[in-house]
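Participant: Residue-level listing of the chains:
Number of protein chains: 2
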Amino acid sequence: MFNLQKYIGQKNQLVNEALEKIFQSFNSSATLIKAMQYSLMAGGKRIRPILCLGSAEAVGGRLEDALPAACALEMIHTYSLIHDDLPAMDDDALRRGKPTCHIAFDEATAILAGDALLTLAFEVLAAASVDGDNLTGKYLEVIRIIAGASGCRGMIQGQMLDMAAESRRLTAGELESMHALKTGALIEASLLCGALFADTGAHQRELLQTYARNIGLAFQVADDILNVEGDPDLMGKAIGTDRQHEKSTYPSVLGLEASKKFARNLVQNALKALENFDKKAEPLRALATYIVERKR
Amino acid sequence: MFNLQKYIGQKNQLVNEALEKIFQSFNSSATLIKAMQYSLMAGGKRIRPILCLGSAEAVGGRLEDALPAACALEMIHTYSLIHDDLPAMDDDALRRGKPTCHIAFDEATAILAGDALLTLAFEVLAAASVDGDNLTGKYLEVIRIIAGASGCRGMIQGQMLDMAAESRRLTAGELESMHALKTGALIEASLLCGALFADTGAHQRELLQTYARNIGLAFQVADDILNVEGDPDLMGKAIGTDRQHEKSTYPSVLGLEASKKFARNLVQNALKALENFDKKAEPLRALATYIVERKR
Numbered sequence: 001m002f003n004l005q006k007y008i009g010q011k012n013q014l015v016n017e018a019l020e021k022i023f024q025s026f027n028s029s030a031t032l033i034k035a036m037q038y039s040l041m042a043g044g045k046r047i048r049p050i051l052c053l054g055s056a057e058a059v060g061g062r063l064e065d066a067l068p069a070a071c072a073l074e075m076i077h078t079y080s081l082i083h084d085d086l087p088a089m090d091d092d093a094l095r096r097g098k099p100t101c102h103i104a105f106d107e108a109t110a111i112l113a114g115d116a117l118l119t120l121a122f123e124v125l126a127a128a129s130v131d132g133d134n135l136t137g138k139y140l141e142v143i144r145i146i147a148g149a150s151g152c153r154g155m156i157q158g159q160m161l162d163m164a165a166e167s168r169r170l171t172a173g174e175l176e177s178m179h180a181l182k183t184g185a186l187i188e189a190s191l192l193c194g195a196l197f198a199d200t201g202a203h204q205r206e207l208l209q210t211y212a213r214n215i216g217l218a219f220q221v222a223d224d225i226l227n228v229e230g231d232p233d234l235m236g237k238a239i240g241t242d243r244q245h246e247k248s249t250y251p252s253v254l255g256l257e258a259s260k261k262f263a264r265n266l267v268q269n270a271l272k273a274l275e276n277f278d279k280k281a282e283p284l285r286a287l288a289t290y291i292v293e294r295k296r
Numbered sequence: 001m002f003n004l005q006k007y008i009g010q011k012n013q014l015v016n017e018a019l020e021k022i023f024q025s026f027n028s029s030a031t032l033i034k035a036m037q038y039s040l041m042a043g044g045k046r047i048r049p050i051l052c053l054g055s056a057e058a059v060g061g062r063l064e065d066a067l068p069a070a071c072a073l074e075m076i077h078t079y080s081l082i083h084d085d086l087p088a089m090d091d092d093a094l095r096r097g098k099p100t101c102h103i104a105f106d107e108a109t110a111i112l113a114g115d116a117l118l119t120l121a122f123e124v125l126a127a128a129s130v131d132g133d134n135l136t137g138k139y140l141e142v143i144r145i146i147a148g149a150s151g152c153r154g155m156i157q158g159q160m161l162d163m164a165a166e167s168r169r170l171t172a173g174e175l176e177s178m179h180a181l182k183t184g185a186l187i188e189a190s191l192l193c194g195a196l197f198a199d200t201g202a203h204q205r206e207l208l209q210t211y212a213r214n215i216g217l218a219f220q221v222a223d224d225i226l227n228v229e230g231d232p233d234l235m236g237k238a239i240g241t242d243r244q245h246e247k248s249t250y251p252s253v254l255g256l257e258a259s260k261k262f263a264r265n266l267v268q269n270a271l272k273a274l275e276n277f278d279k280k281a282e283p284l285r286a287l288a289t290y291i292v293e294r295k296r
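Heads up: the protein sequence lines correspond to chains A and B, in order. For the first sequence, the positions run 1 to 296 when my numbering is used. For the second sequence, the positions run 1 to 296 when my numbering is used.
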């Protein structure tokens, strides 16, 4: 029987150690470095790196090849949270039960720490290939995929749409398009980058993309549901805030029960995409279920 | 006789056309894209791209190989200006005679447009190499150099030091260290990236680095001098602002005449580094002089 909690724990440790190693040579007394580490090591779920590593395993790739991509994905995710939390955007004071970066430090430092994490993500990827390892083309492709997914036609455009959607009611279709960009694109990139280092065919990559699109959306639906009926103590943040801000969410657009059913269907679609994968895809299967059943 | 104005005009056009081509496939009606283009096409001097292309020419490299790096450098420079101008940082309303990005759009859009330009820089570099052109390793190295120079041990740390220096008087040494990071690192990266695609030896690269460090600092000294005695109409911004804000500058630390002499000496050092380069380095030589004699 596959033990997901143990798997998540192991992968978390692998990623955290790799992230700490990256910072080892930096000047740890500099405020900028402290702010970057503060947010990066604030106890995130590491969903994207774990999906990236799970994808590598599912297609028989080596974890060490995918690890720089896993770290870069988490840095980019963290920078996006730091900037989204800023007063000019969502103006959030708490994240994962701790003061957000601009509260713990100041606004200018938070902007720059976000910029620096984004930049460092690409530096880590560019430094991942050593002379003669034949992986330069792979890491260049990883950079192309991650930059594309997180840029002006991906995650950042999703945040623009999210802000523009405030105070107006979205349709289910508009909500889906927004989330496909805001969170879906980087989750899809996580799966694609993980699979890049093994000898996968186009069909296998398409199946991983289908899996990614379904769990990416399911993740967001589950987030919306948690904001209605989650446990604030487990989540480290308040619930009911979406409703307070009259935000369009799946529960507000579809209703709570229909949202739960929608999330379960998305997970079924994700599992179906993996049905011809062997037992090496067991972590990805378990992660799909976890994503909608998680409590934080 | 080498005509620098013609050279700058030609290189400007080359870079502007390449930048416009990058945006061609984007959704030009999206606010995010408009904000990115607004700042990128606001009439910047294109110093970094021109130095990058000049460096490529000086060592006999091909302009088309260096052009993606030239574009990426300008995008990163532009993102840094957008973020530096934000209310939480320098709080500037005018840049190059036009409203800054957060004034023309809004603060959230400006933060995201900066993020998107930074991300796009790396996407452009990652997409620059096509299958079988043997340049993947070169572009990965360009990404490593640019990310290193513009990140938490380079430009961003320089901006942190600049903000920390407000309202306290720096020594000439501290001022130099701050500028070496804030503007010097990316200028050095411009020269190194340009030279990367030709078959240069370590010695030639070191000489280009020496050139870069000297003109990088000279550029900043000249900027400080322009803030004292420049023509606001030509510069598109007010003068005397450094003094108003009690900012440590070369004129305030060394005095105006000593600052001018210092700038001239730096240019002499830069020219000396190039003395064994042939006439292909003529643009770099002329640029060194231009940097301290420019009126904007």
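These are calculated hints, taken from the structure and not from any lab test. Fair warning: there could be bad hints in the mix.
Identical copies look the same in the list; a pair holds intra-copy or inter-copy alike.
As the list claims (entries may be wrong) - Derived lysine to aspartate or glutamate pairs resembling DMTMM-like cross-links, with alpha carbons at most 25 angstroms apart:
# : residue 1 : residue 2
1 : K247      : D106
2 : K138      : D65
3 : K34       : D90
4 : K98       : D199
5 : K261      : D106
All figures in this text were calculated on a predicted structure; none of them were measured in a lab.
Participant: Each hint: holds or not?
Facilitator: Checked hints:
no. : hint        : in the structure
1   : K247 x D106 : between (27 angstroms within a copy, 21 angstroms between copies)
2   : K138 x D65  : both (10 angstroms within a copy, 20 angstroms between copies)
3   : K34 x D90   : both (23 angstroms within a copy, 22 angstroms between copies)
4   : K98 x D199  : neither (42 angstroms within a copy, 52 angstroms between copies)
5   : K261 x D106 : neither (42 angstroms within a copy, 39 angstroms between copies)
When the structure is compared with the earlier hints, violations turn up for hints 4 and 5 and for no others.
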